[in-house]
Structure formats: structure tokens, C-alpha cells
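Undergrad: Kindly produce the complete structure, drawing on both the sequences and the hints.
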Amino acid sequence: GIHPTPLTWPIGQGPDFAGVADRTTGGVWRFARSAHGATRAGEELVDPAALAGLGAHGDEAAADHDQDRFLAGETTPVLFGSALWNFGVRLLLDAIADLIPAPRPEADAGGVRHPLDGPLAGQVFKIQANLDPRHRDRLAFLRIHRGRFERGMNLVNARTGRTFSTKYAHQVFGRDRDTVD
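In my numbering, the protein residues as written are 1 to 181.
Treat the hints loosely; a few may be bogus.
What follows is a list of derived Cβ distance ranges for each label pair [what the hints assert, rightly or not]:
hint: 1; residue 1: 153; residue 2: 25; range: 38 to 44 Å
hint: 2; residue 1: 176; residue 2: 148; range: 21 to 27 Å
hint: 3; residue 1: 25; residue 2: 134; range: 43 to 49 Å
hint: 4; residue 1: 24; residue 2: 159; range: 40 to 46 Å
hint: 5; residue 1: 93; residue 2: 136; range: 30 to 36 Å
hint: 6; residue 1: 115; residue 2: 93; range: 25 to 31 Å
hint: 7; residue 1: 68; residue 2: 157; range: 36 to 42 Å
hint: 8; residue 1: 15; residue 2: 114; range: 51 to 57 Å
Because the hints were derived from the structure by calculation, they are not lab data.
Note that CB positions come from ideal geometry on N, CA and C, so glycine has one too.
TA: Structure, rendered in C-alpha cells:
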């Protein structure tokens, strides 16, 4: 199976949660409580001695992250945080940007490799209905495999041949929906 390699490790738990130890840098991210719905919880990089004795046991918990083993599918990085309190989310997004390789051309069902800058091709992987309680709506989530998306372009459903407009395209992040420009 795939072995986890924690990049961060929690310090304390429950009401005593104080932050996370960054196992890659040796630093500590201190957590400051914020109200629910806050844009971002307080995150501050502090000296590890400032939170000494609060239960950071990441060193003996698992092996260090190895990028080559991760890319080979043998390990997976693990980060601790709370989406509810919006703590550690930025660390997670930064890790995704830093660790995951850039897309590369993959073969389609016919074995043909298409350049990433070719015509737009994607896959609808989820359809969500009734996201807005004020009216009936449906939102299709599209994973883009290649090409460049621009709002207002017409796309073709390869299965049905039906064309549809993307003038109301949204980017979704948590509960937020922003219109794509």
C-alpha cells in the first residue's frame, strides 16, 4: 500500500490544539482561533521552543517525505489542519503547488498523445443539483485535461454531440463560487 509521510504534525488536540510542527523546515505554525466564517485563521511561524511540551511527536511518527517515492506512488504526504477553522489550508495548497508535478500529455483511449496546449478537452466528473436554495440549479464540475478554458466558449458533449455555452462558468472553492473571467 501507500505509506503516509506527515509533512506537518499537530501540537495538542481538541481545545488544546496549538498549531502544527512543520517537519520539512523544523518550524512551528501557531494557531490562533478565529470566528467561524473568518477568511483565514491566524497562522504565525514561531520558534519551536515557544510551544515546547505541547505534544508534537511527529519525529517518531513516520519517515520523512521522499519526493521520488511520492512520484512513484509509494508514499503520500499528509498535512494536518482544519477546514472548519481555516487553519492549515494555505499550507495544504502550497504543498500541492510545490509537490505535485505539472501536467504532462497522456494518451487518450485510442493511444494518441495530445499536446497540453491543444484544443480544450475535459471530463465532467460530478453534477451537483440545488446548490442555491432560492432556485433549482445544476452545476457540472469539469476536470480540464488539456487546452485553455475561456468563459463564454461553446463546448461539445462528446457523448451526445450537444453544444453548450459556458457564459456562467464558476470556480468553486468550499462554499464560495466566483464567476470565471
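Undergrad: Please go over all the hints and tell whether each is borne out by the structure.
TA: A quick look at each hint next to the structure:
At roughly 42 Å, the beta carbons of residue 153 and residue 25 sit within the given window of 38 to 44 Å. Roughly 23 Å separates the CB atoms of residue 176 and residue 148, a value that falls within the hinted 21 to 27 Å. One distance hint, 43 to 49 Å for the beta-carbon pair residue 25 and residue 134, holds here, with the actual separation near 46 Å. Between residue 24 and residue 159 the C-beta distance comes to about 44 Å, which sits within the given range of 40 to 46 Å.
A hinted range of 30 to 36 Å for the beta carbons of residue 93 and residue 136 is consistent with their spacing of about 32 Å. Between residue 115 and residue 93 the beta carbon distance is about 27 Å. The supplied range of 25 to 31 Å therefore holds. Range check, residue 68 to residue 157: Cβ separation about 40 Å, and the 36 to 42 Å hint holds. Here the CB-CB span from residue 15 to residue 114 is close to 52 Å, well matched to the stated 51 to 57 Å.
Against the hints set out earlier in the document, no violation occurs for any number.
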